[in-house]
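Chains as they are written, first to last, in the numbering used here: chain A, -15 to 308; chain B, 4 to 513; chain C, 451 to 787; chain D, 451 to 787.
Just so you know, these hints were derived from the structure itself, not from any lab.
Ideal Cβ placement from N, Cα and C applies to all residues, glycine included.
Don't take every hint at face value.
If you want the ones that stay clear, here's a sample from chain B, every Cβ over 12 Å from chain D, calculated [stated by the list, open to error]:
#1 His71
#2 His73
#3 Glu127
#4 Ala240
#5 Arg254
#6 Ser282
#7 Gly321
#8 Ser380
#9 Arg446
To spell it out: a stretch of chain C is covered by chain D in this simulated footprint if at least three of its residues, at any positions, have a beta carbon under 8 Å from a beta carbon of chain D; those stretches are [stated by the list, open to error]:
#10 607 to 613
#11 711 to 724
Reference listing, derived: stretches of chain D covered by chain A, where coverage requires no fewer than 3 residues with Cβ under 8 Å from a Cβ of chain A [to be verified]:
#12 509 to 515
#13 613 to 626
#14 650 to 661
#15 698 to 704
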Amino acid sequence: ACTNSSDGDDDTANVSNTGSGDNAEAGDTVTIGFSAPAADHGWMGAISSAAVEQAEAFEDVELVNAEGTNDVNLQISQVETFINDKVDAIVLLPFDGAAMTDVATRAMEAGIPVINVDREFDSPFAARTTILGDNYGMGVSAGRYVCEQADGNTDAVVAEIAGIDSLPLTQDRSQGFADALEDCGLKVSNRVAAEFTVESGERAAANLLQAAPKIDYLWNHDDDQGVGVLAAIENAGRDEFVMIGGAGSANVMRSIEADDTVLKATVIYPSTQGADGIKLARLIAQGKSMSDLAEVEVPRKIQLAAPIVTKDNVDQYMDSAFES
Amino acid sequence: MPAPLLQLTGIVKEFPGVRALDGVDLVVRAGEVHCLLGQNGAGKSTLIKVLAGAYQPDEGEIVMDGEHAHFADPQAALAAGIATIYQELDLVDGLSVADNIFLGHERSRFGFSRVSDSNRAARELLVSLGHPEIRPSRETGSLSAAGKQIVSMARALSRQAQVIVMDEPSAVLDPDEVGGLFRVIEDLRASGKAIVYISHRLEEIRRIGDRLTVLKDGRTVAADLPARETPTSELIALMTGREVSAEYPRRTTPLPDAEPLLVVDGLGRTDEFEDVSFSVRPGEIVGLAGLVGAGRSEIVETVYGARRADRGTVTVDGRTLRRGSVDAAVAAGLGLCPEERKSQGLVLDEAVYRNISLASLPRFSRFGATRDSAERSAAHEASRTVDVRPDDPDRVVRTLSGGNQQKVVLARWLLRSCRVLLLDEPTRGVDVGARSEIYTLIRTLADEGLAVVVVSSDIDEVLGLSDRVLVVADGRVVHSGPSAEIDAHNVLDRILASNESSHESEGDAA
Amino acid sequence: MSTPSVTGDTQTTEAAPAKRAGSMGVARNLGLVVALVILCGVGLITAGDRFASTNNIITVLSLASAIGVVAIGMTFVITGGGIDLSVGAIVALASVWASTTGTQAMAESVGWIVIVTTAIGVGIACGVINGLLIAYGKIVPFIATLAMLASARGLAEIIADRKTQIIRDQGFRDALGARPFGVPVIVYIFAIVVIVGWFLLNRTTFGRRTFAVGGNPEAARLAGIKVQRHTVYLYALLGATCGLAAVMLMSRTQTGSSTHGLMWELDAIAAVVIGGTLLSGGRGTVIGTLLGVLIFTTLTNVFTLNNLSTSVQAVAKGVIIVVAVLLQQRLANRSST
Amino acid sequence: MSTPSVTGDTQTTEAAPAKRAGSMGVARNLGLVVALVILCGVGLITAGDRFASTNNIITVLSLASAIGVVAIGMTFVITGGGIDLSVGAIVALASVWASTTGTQAMAESVGWIVIVTTAIGVGIACGVINGLLIAYGKIVPFIATLAMLASARGLAEIIADRKTQIIRDQGFRDALGARPFGVPVIVYIFAIVVIVGWFLLNRTTFGRRTFAVGGNPEAARLAGIKVQRHTVYLYALLGATCGLAAVMLMSRTQTGSSTHGLMWELDAIAAVVIGGTLLSGGRGTVIGTLLGVLIFTTLTNVFTLNNLSTSVQAVAKGVIIVVAVLLQQRLANRSST
Ligand SMILES: Nc1ncnc2c1ncn2[C@@H]1O[C@H](COP(=O)(O)OP(=O)(O)OP(=O)(O)O)[C@@H](O)[C@H]1O
Ligand SMILES: Nc1ncnc2c1ncn2[C@@H]1O[C@H](COP(=O)(O)OP(=O)(O)OP(=O)(O)O)[C@@H](O)[C@H]1O
Ligand SMILES: [Mg+2]
Ligand SMILES: [Mg+2]
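Working from the sequences, and respecting the hints, build out all of it.
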């Protein structure tokens, strides 16, 4: 997921094999199957690239990378191929967690540990370990930030630009946002959905800005489409509101740091999950533990935090931001 | 005798599975009308397509003006001075008349169309063809077949060519229009152009031709015959290799005195035809005579339900048909052999036998599953009765010659046992030999008790074939009576009389 | 194993009537067979046993099954001169409708067949609406089915409330998840649909009329065929196959979701067209479609086995499609002359 | 404000020659105009000033511009009897190629025009490849451009490494971001493309030949038109408009990305077809396409102003498309009889 950005040696923001202890040492070579949705937006692209780069960084990992797809039928067959191939572990970021549950269970039954990334399966038996971001929590973080800024003003106009609306994760984010806002007596007055792409973000935002002539707070679910959203805001010459991003791309972090746009904060949705999935898969396949924990097994579930990033703490997160 | 303007020797053209041309020689001189004769499928159209650069010959050579010529594409032939009127109307329906005429050599300046200029030039051409009523700006698709044929002619003339090839230009024209066509051909001949003329109507060849070449099965069987003097019997023998009767088969038994099977009463469609009433008894053949554009096709199509009647009724065997419903007509035993074989009749990419059986599928199926062999053999038999060549029921219809395609459409309705048969131009483009067989066939069907309605632009044919004739002019029946009591001259007189009486109705009747 | 036999059997039978009609012979599918064989060769060379294993073949066939059933239905619509962009959306709607709590509750008391009939019923209903809009409303198929695409997916989202619906009915899971002789039920379903589809298109009056309606609707009408009604039947048939595909997908994923069948319209049409069915109508081949589907799924499988990057896969896919079609043409031409 | 004038002007001029050719008169677009007016009426009633504000109108026009330019190019290809599924992918590839660091570096020394010419050049190149495959390779347009769709997007991903490339060239930003008389440059570009497209289709030899090639390619060939070469020109033209659309999109988003233009193929074809251009070729209207694009863009705008949920939007969109087309037909029929 990295970059030609500022200086040369932070080249491995998401990838590190300089971990602690024995885990960094090469063990038996393991084959890991990786399948994810189509990289039709930056965050997903970052996830996949990070996973690939992470695997390359390990000399004892051989990665089999299936074609990214938004067709669950095809993704199921990819996992079946992994099972047929008897890979040592499968890292699976499902297009739709529930729909992939059955095949993941079959993989587990075949003795192949499945590491479930980002979109959770429907059954605890389908994965050895689950590592996921907190979609609901993202919404909550963004909502809390708005509440904080509004500081008791219950008349504030809050707008929301969601991602692909038919995905359950989008629903979770919106729900979290709505719930957090409700706590301080606010609600979303205008909501549109884009498609996680720059162009769709621009399109949706352009219309939204016309629908709401005055906005106080705008939460945009995804920083890739956010590039387009910012372009639309600039095109419309609007600056009366505070915008909050989502996911935490490097572009956005830099812009928060520079503090020269309406974008004042973003909520992190780690793009390191794919890479972490690979790491965990390797540990599990090689029978190792997470060396920072006393526990001898890799945990069942790791949920990543969805912290809010503002000008004040941006340097803390800059390194883990994904370049998109 | 002038030197040959164009000389083709040993032309061979093969299609997958057929040797369409098998060594054809043709010599055309300037200032003559050279007729090309041959049965359906003899290779006439293929030959002229080779000449026009639309096909590349496999063997043989073309010499034009004393020099070897090779036409890699139609443009090369056009550039060399050969313009062609193709048998199938090759116009673009969506374009205006003027655009079609100048397609490929548009009147333009820096790529911009000079609309008024080309409209003016188109109008001049159309006027010189005797058709000032066709507006150059009219959409070509809305013209009748005859109108399109005129546009094709105008297009060929617009090329200022040395050689003009005409493939059955008269097939869709009525006698009046053919007269106009011949005047144009005379002018061209007088100005030293060469014309290659194809027709199945021998009397036309007598009138206009200078010399003729006869093709049979892809070979030249006779060349350089004088067009006027060669006896008809000899020509027919050369073409077909057998004797053919030139007589119309007359009724042999008296017409049974039955109730009419088909009764049309007060039928009308706004702006097309009005107040058409007639009845046909079983065993009777009724002919609709008239000039092109008179509305005869519209009448039979409306009877069939393919167009929705605005007024009047159609009754078959005492039952009135639902308006505008082909289903009802077919269920009542009607069959229509439509006027335009390509657009209305044939599924071009299907095999011959499947086209023939199309209207009779239920007969060849059990529980919805087709009985292929029964279907094929029945269809094959039907195709033999009309003499489809080559005799191969599995051939894709698209690869048949024009006349043979026409026979396939006809065969469809022979196979389907219907009670009332409506035939619109059944012999268009059909050769002399097959034509007389089709006449016999129609007569046989009538004798078996069918009621038949025949539309044809060939007045002699209508009169010869039918028991009773209706003369249609301008959407009205102007005469009705036994066909024995009227001759071609009288028919034309009545049409003219009606035109004079309704002088104001000028419109564009093309 | 069932592929070779399915392909082999029907291949030869289809060849027969086709050959009789001029240049439409075996040659027509020869190039596709060669392309598929080359693809398998590449798979064998690059992935060896992993490619040729029974399991892998079953994986490819399972993947081909649901989309394959839709493609067979699409073959009829395209042969009949139409097109349908709404198939993916119909699959989604059918899967959602058949997996609502209401349907599942009913299935519990009546039996899993309720789920199946609901899915197929919804598919047929959507197909009939498409057909009516096209045949009687005279809306061009592209637009009518585009409208259906938007509406059906929207409706699926509303019904599912954008959540993935899990199928808990054990009867359904058992019946459709079974694997007689080690082969999943859905592969048998696909095989049956191919055989029935082939028979319907080539050996029945329905098929004959489909060719006529697609080849020249005016001629078909004047020959007494009820063109409009037939058009409705065609879209209803495709709708039914979409419903069936939804069932198959539900069996594979144990879910109903408004995101099922995303982009299937393009995949299905591509398989049909690469198989040799003319987009302009009047010419269609079930076996060609089967080969088209198998080529696309095998391609993906070989890519996965070889661990190509997604972007490189996309580029390669485009190039391979072009090469396969060119190959197909050259072979067809050569053997017809 | 520029919409009414653009529409108005060309509308009346188109009516003239159209009327000459039989039933193709004003009536043909009347239904679309009525649909658009009704839509605007709904917008006014439900969103009042927010809808009618200058800013909102400019927003709608800006949103219509890039896809509109592609749709005009698509009108030519479809009128000429083809179809192009790769437009969105070409837009993406052109935008990515024109925004690489290499191109931007060159732009810095030579000028922003480098970015523009690169984008249009890439577009033309892709179009020419499409055209060659279709005209000389004899691959059906659907398949050839589907292959291009896969390859071009894959290549765009490889070049961009799946990252969004920011355009930093100030010259480009200034030139294309300008707003003479308060209207963005891209709206002027769209207007010019519509006018030039109208002229090209209706007033030039090229246009006549396009109708002929689409309406009856065999007749066109026999009339001495080089059908194959013309086909290549048509796809190249569409490629050029895709390149131009990429430029417009880069100006609006300040980025080049492999995800630009996702699904534009369907949107563009839908606008063209709803405008009245026949998918079978031979008949096409630039003004109809313009109206089609405006209808779709206005629809989304009105939906957003009313804060409808995406699912409801989808259902409504499908229904509105059907109603608009039916309305269009009824009006066209009534005034032509
Ligand atoms: N494209 C083609 N493919 C295969 N065979 C063809 C093709 N075109 C013509 N033929 C065959 O070539 C032979 C000659 O056909 P052609 O059209 O030249 O006959 P014709 O003399 O013009 O007949 P008609 O008087 O009926 O018009 C026929 O047997 C026909 O079936
Ligand atoms: N599709 C059409 N649109 C507009 N006018 C048409 C159309 N078809 C035919 N016409 C007109 O209707 C009139 C009757 O034409 P038609 O050729 O059908 O008459 P007909 O008596 O059957 O002549 P034919 O001898 O050619 O069979 C003509 O004026 C013709 O121009
Ligand atoms: Mg001929
Ligand atoms: Mg007629």
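Hint check:
no. : hint       : verdict
1   : His71      : holds, 21 Å
2   : His73      : holds, 16 Å
3   : Glu127     : holds, 18 Å
4   : Ala240     : holds, 34 Å
5   : Arg254     : holds, 44 Å
6   : Ser282     : holds, 31 Å
7   : Gly321     : holds, 34 Å
8   : Ser380     : holds, 34 Å
9   : Arg446     : holds, 38 Å
10  : 607 to 613 : holds (count 3)
11  : 711 to 724 : holds (count 5)
12  : 509 to 515 : holds (count 3)
13  : 613 to 626 : holds (count 3)
14  : 650 to 661 : violated (count 0)
15  : 698 to 704 : holds (count 4)
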